[in-house]
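Top line first, the protein sequences correspond to chains A and B. Under the numbering used here, the first residue of the first sequence carries the number 1, and numbering increases by one thereafter. Under the numbering used here, the first residue of the second sequence carries the number 111, and numbering increases by one thereafter.
Hints in this document: simulated from the structure, not taken from any laboratory. Hints are supplied without guarantee of correctness; some may be wrong.
[What the hints assert, rightly or not] Computed cross-link-like contacts, SDA-like style, restricted to lysine to any residue with a CA-CA straight-line distance of at most 20 Å:
#1 B/K174 - B/Q209
#2 A/K49 - B/Q209
#3 A/K97 - B/E173
In this text the structure is predicted, and so the values were computed from the model without any measurement.
Here is what each chain is made of, one letter per residue.
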Amino acid sequence: AQSVAQPEDQVNVAEGNPLTVKCTYSVSGNPYLFWYVQYPNRGLQFLLKYITGDNLVKGSYGFEAEFNKSQTSFHLKKPSALVSDSALYFCGGGTDKLIFGTGTRLQVFP
Amino acid sequence: GAVVSQHPSRVICKSGTSVKIECRSLDFQATTMFWYRQFPKQSLMLMATSNEGSKATYEQGVEKDKFLINHASLTLSTLTVTSAHPEDSSFYICSAPGQRYEQYFGPGTRLTVT
Chain A
1 AQSVAQPEDQ VNVAEGNPLT VKCTYSVSGN PYLFWYVQYP NRGLQFLLKY
51 ITGDNLVKGS YGFEAEFNKS QTSFHLKKPS ALVSDSALYF CGGGTDKLIF
101 GTGTRLQVFP
Chain B
111 GAVVSQHPSR VICKSGTSVK IECRSLDFQA TTMFWYRQFP KQSLMLMATS
161 NEGSKATYEQ GVEKDKFLIN HASLTLSTLT VTSAHPEDSS FYICSAPGQR
211 YEQYFGPGTR LTVT
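With the rest of the complex left out, here is chain A (with noise of 0.2 Å):
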């Protein structure tokens, strides 16, 4: 069975400070990963994906991820915050179908 993992609840950061927000994986074959960062009462928007390729994944609004296939993870990450990158993230992973992890909420402090 596939399943992603977020391991934390919510994340805090001051503003202009590194953010990491952590995420793990469980699939057999090949990974598809992805981020998506939802705001409130809106959809869900795509940041970046892993589907092959580089580890180092770059995205929407200066975030990247880092793909690491000993440590089954996928950590997103941005070298400067914002406030206004304070949301909901969500890990997700599949193909044909995606099952994401129980979402991390970021939030960043002026």
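Chain A is already provided as a structure; the job is to place chain B on it using the hints.
Only chain B this time, still in chain A's reference frame:
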């Protein structure tokens, strides 16, 4: 980019009634669409896969007679919550697959059952 719409954005209904939620792909065709339910504590649960011209595929634990899905055309899928109860109150989100394995999500529908 591709756009997926949902209607209505919010709906309030009385217990025992049925509610229909529409999901449309506006500028592309989707033979498959997905329905998710988001619970108050954030988690996003895949309910079912809607297949154009055939029966929907439901995830384990989702009542197919409770959540009726119809995918009548290449741009429209509907989710009907039948005999709604307060515990069905939730945020329902649909998505459609795009190119390169990305999913395009609708803005969601907030259902409140009183």
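Indices of hints not satisfied (ascending): 1
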